[in-house]
Amino acid sequence: MILGAGTAGTMMANHLARKIDHKNWNITIIDEHKTHYYQPGFLFIPFGTYSEKDVIKKKADFIPKKVEYISEKIEKIEPQANTIKLENGNSIEYNILIVATGCKIVPDEIDGLTDVSIWHKDAFDFYTFEGAMALQKKFENFKGGKLVIHIAEMPIKCPVAPLEFAFLADSFFTKKGIRNDIELIYATPLSGAFTKQNCSTVLGHLLSEKNIKLIPDFNIESVDSNSKKMISFDGKEIDFDCLATIPTNMGDELIENSDMGDELNFIPTDKHTLQSKDHDNIFVIGDATDLPSSKAGSVAHFQAEILTHNVMNFIKNKPLKPDFDGHANCFIESGFGKAFLIDFNYDVEPVEGKFPFPIIGPMSLLKESRLNHFGKMAFKHIYWNVLLRGLPMPGIPTQMKTWGKKL
Amino acid sequence: MAVKTFAGVEIEVNDEGYFLKHENWNKEMAQEIAEEFDINLTDEHIKILSFLRSDFESKGSLPTMRRMKKVGGIPTKDLYRLFPDGPLKKACKIAGLTKPASCI
Ligand SMILES: Cc1cc2nc3c(=O)[nH]c(=O)nc-3n(C[C@H](O)[C@H](O)[C@H](O)COP(=O)(O)OP(=O)(O)OC[C@H]3O[C@@H](n4cnc5c(N)ncnc54)[C@H](O)[C@@H]3O)c2cc1C
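Residue numbers (the working numbering), protein chains in the order written: chain A, 1 to 407; chain B, 408 to 511.
Incorrect hints may appear among the rest.
Below, in silico cross-link-like pairs of lysine to aspartate or glutamate (DMTMM-like), each with a Cα-Cα straight-line distance of 25 angstroms or less [unchecked claim]:
1. 477(B) with 445(B)
2. 506(B) with 181(A)
3. 428(B) with 130(A)
4. 434(B) with 423(B)
5. 484(B) with 221(A)
6. 34(A) with 256(A)
7. 236(A) with 445(B)
8. 466(B) with 256(A)
9. 506(B) with 325(A)
10. 236(A) with 443(B)
11. 484(B) with 234(A)
12. 477(B) with 181(A)
13. 466(B) with 443(B)
14. 477(B) with 140(A)
15. 434(B) with 419(B)
16. 466(B) with 140(A)
17. 506(B) with 305(A)
18. 454(B) with 140(A)
19. 76(A) with 290(A)
20. 496(B) with 305(A)
21. 476(B) with 290(A)
22. 271(A) with 464(B)
23. 210(A) with 256(A)
24. 454(B) with 349(A)
25. 66(A) with 234(A)
26. 175(A) with 140(A)
27. 277(A) with 464(B)
No lab work stands behind these hints, which were simulated from the structure alone.
Quantities reported herein were computed from a predicted structural model and do not represent experimental measurements.
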């Protein structure tokens with residue numbers, strides 16, 4: 001049984017439908033929503049590059065025929081009884097459970113942020129379809145003032161997205177001819193621009209080159225909706241005319257109802273096998289885990305190949321393979337039709353080099369290029385046609401390779 | 408790696424002065440480490456240091472501020488009041504623990 005038909009759950013349904021013995025096993029997948037959102041596309045909506053049609057498709061179109069698909073909200077998991085409970089009151093038993101319920105923003109965690117006077121009027125998120133669309137409207141008529149890009153708390157999914165947003169905003173307003181009327185500020189609870197040291201240095205430079213002011217160590221306590229200010233726990237204040245914030249990211253309440261998560265509803269998971277730490281027949285994949293890997297679609301893709309193998313091994317009573325190395329591969333849009341590419345894992349930081357092949361690349365790691373930007377834009381096609389269908393990405397290995405890298 | 412003396416005992420610390428082995432720590436040392444930040448330890452401070460250490464010992468990793476609030480009942484505002492400017496980095500150092508890494 002697979003919980004959640006987002007990026008990771010859909011990939012698992014496709015992988016397992018090809019591998020499993022359908023005479024002895026039934027695969028069921030459950031999700032409360034009927035639409036599948038291409039979340040990486042939300043980044044481009046505020047700037048008018050993408051619209052609704054780029055990011056929305058029907059979930060059912062990506063679920064293989066041999067898989068039973070239930071469209072209901074899941075209330076809780078009862079791991080002792082090997083049962084899940086749906087909101088409609090039904091219970092379903094499972095032999096093996098794969099939790100792929102992802103994570104989402106919880107703007108109510110910040111006092112004042114969702115006051116009706118400012119939420120989706122002057123203060124926005126772009127991590128939901130609705131937030132990204134509202135921001136697109138705002139930007140159409142935005143004439144100038146203080147635009148603050150902000151991260152509330154780590155971890156967040158796609159940790160590079162807020163930086164990309166800042167670079168794209170710089171590019172967007174420059175092309176509109178009003179960049180000089182806009183003060184761009186990047187406020188983060190981290191001590192620098194990014195979590196990974198190498199990247200932080202490179203991207204930190206880029207922020208100052210683009211005249212985006214970095215405010216590090218800003219830990220938000222509340223928003224004053226009247227004076228349009230963010231206030232930190234140690235009394236620092238940042239005022240804004242327009243706020244694009246990434247609120248706290250948390251796993252679904254169903255994890256809390258099931259008493260299976262940490263304080264952010266992320267499920268304790270084995271770093272290398274993806275087995276739940278508390279229950280042998282439960283596996284966790286994608287944004288729902290508590291792993292110190294990036295919460296990204298590319299990571300879920302690498303995990304899905306390994307987890308498929310491990311679920312098959314579990315069925316056959318064979319030992320699990322500790323093969324997940326934390327591999328992440330992310331494009332970082334840097335504005336004006338260029339992008340960076342980073343490739344890293346639990347142990348190896350992003351470095352310069354060529355990707356996926358040494359010397360010839362053709363993509364450059366940790367360097368800005370036009371080709372990387374085309375890679376980023378091609379990701380939409382790859383997502384819908386390759387990733388979700390559980391097919392291998394051409395040239396990109398599941399485990400990180402160090403070849404071609406300047407280590 | 409370097410060696411520093413706290414409460415008369417030689418302790419191995421890393422380049423930034425964080426303890427290499429948290430077992431080597433005791434409360435007398437805490438006050439000496441705290442002086443580096445001009446902090447005078449009170450019962451309120453000690454309560455936080457104790458939570459940090461016991462949570463680290465049971466979980467094997469350092470708690471976040473959110474966990475300290477939710478599990479330890481320590482309001483984030485208190486952390487900033489008692490350990491101003493980078494509370495977690497300072498409190499972990501004084502508690503003889505490793506430097507908190509920022510999440511991915
Ligand atoms: C703005 C933005 C930009 C991004 N950019 C990139 C990028 O460039 N590259 C990249 O690789 N990744 C990117 N990501 C991250 C990527 O989208 C996620 O990491 C990925 O979608 C995670 O997959 P998942 O299956 O774990 O979660 P999701 O795809 O979010 O799926 C979770 C599913 O579980 C369902 N669900 C949850 N709770 C319940 C319940 N109680 N009952 C029933 N169903 C439930 C939800 O409806 C959802 O369909 C970006 C994300 C955002 C928001």
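Hints, one by one, checked against the model:
Proposed proximity of residue 477(B) and residue 445(B) is contradicted: the alpha carbons are some 28 angstroms apart, above 25 angstroms. Using a Cα cut-off of 25 angstroms, the hinted pair residue 506(B) and residue 181(A) is violated, with the two alpha carbons roughly 41 angstroms apart. Proximity of residue 428(B) to residue 130(A) is assessed by CA-CA distance (about 49 angstroms); at most 25 angstroms being required, the pair is judged violated. Restraint check: the Cα-Cα separation between residue 434(B) and residue 423(B) comes to about 20 angstroms, which is no more than 25 angstroms; the hinted pair holds.
For a cut-off of 25 angstroms, the pair hint linking residue 484(B) to residue 221(A) stands: about 9 angstroms separates their Cα positions. For the hint linking residue 34(A) to residue 256(A), the alpha-carbon distance of about 23 angstroms falls within 25 angstroms, and the restraint holds. With a CA separation close to 21 angstroms, the supplied pair residue 236(A) and residue 445(B) stays within the 25 angstroms bound. With a C-alpha separation of about 19 angstroms, the suggested pair residue 466(B) and residue 256(A) falls inside the 25 angstroms cut-off, and the hint holds.
Distance restraint check for residue 506(B) and residue 325(A): the Cα-Cα separation of roughly 23 angstroms lies within the 25 angstroms cut-off, and the hinted pair is therefore satisfied. With a C-alpha separation of about 24 angstroms, the suggested pairing of residue 236(A) with residue 443(B) holds against the 25 angstroms cut-off. For a cut-off of 25 angstroms, the pair hint linking residue 484(B) to residue 234(A) stands: about 7 angstroms separates their Cα positions. Distance check on the hinted pair: residue 477(B) and residue 181(A) sit about 42 angstroms apart at the alpha-carbon level, beyond 25 angstroms; violated.
Restraint check for residue 466(B) and residue 443(B): not satisfied, since their Cα atoms lie roughly 28 angstroms apart, outside the 25 angstroms limit. Under the criterion of a C-alpha separation no larger than 25 angstroms, the hint pairing residue 477(B) with residue 140(A) is inconsistent with the structure, at around 41 angstroms. Between residue 434(B) and residue 419(B), the direct Cα distance comes to roughly 17 angstroms. Compliance with the 25 angstroms bound is thereby established for this hinted pair. Under the criterion of a C-alpha separation no larger than 25 angstroms, the hint pairing residue 466(B) with residue 140(A) is inconsistent with the structure, at around 49 angstroms.
Among the hinted pairs, residue 506(B) with residue 305(A) is inconsistent with the structure: their alpha-carbon atoms are about 34 angstroms apart, more than 25 angstroms. A distance of roughly 52 angstroms separates the Cα atoms of residue 454(B) and residue 140(A); the hinted pair therefore is violated under the 25 angstroms criterion. Our distance criterion of 25 angstroms between C-alpha atoms is met by residue 76(A) and residue 290(A), whose separation comes to about 18 angstroms. Of the supplied pair hints, the one linking residue 496(B) and residue 305(A) is violated, its CA atoms being roughly 38 angstroms apart against a limit of 25 angstroms.
A hinted pair counts as satisfied when its Cα atoms are at most 25 angstroms apart, and residue 476(B) with residue 290(A) qualifies at roughly 18 angstroms. Restraint check for residue 271(A) and residue 464(B): satisfied, since their Cα atoms lie roughly 19 angstroms apart, inside the 25 angstroms limit. Proposed proximity of residue 210(A) and residue 256(A) is contradicted: the alpha carbons are some 42 angstroms apart, above 25 angstroms. With a C-alpha separation of about 36 angstroms, the suggested pair residue 454(B) and residue 349(A) falls outside the 25 angstroms cut-off, and the hint is violated.
Restraint check: the Cα-Cα separation between residue 66(A) and residue 234(A) comes to about 55 angstroms, which exceeds 25 angstroms; the hinted pair is violated. Of the supplied pair hints, the one linking residue 175(A) and residue 140(A) holds, its CA atoms being roughly 13 angstroms apart against a limit of 25 angstroms. Between residue 277(A) and residue 464(B), the direct Cα distance comes to roughly 18 angstroms. Compliance with the 25 angstroms bound is thereby established for this hinted pair.
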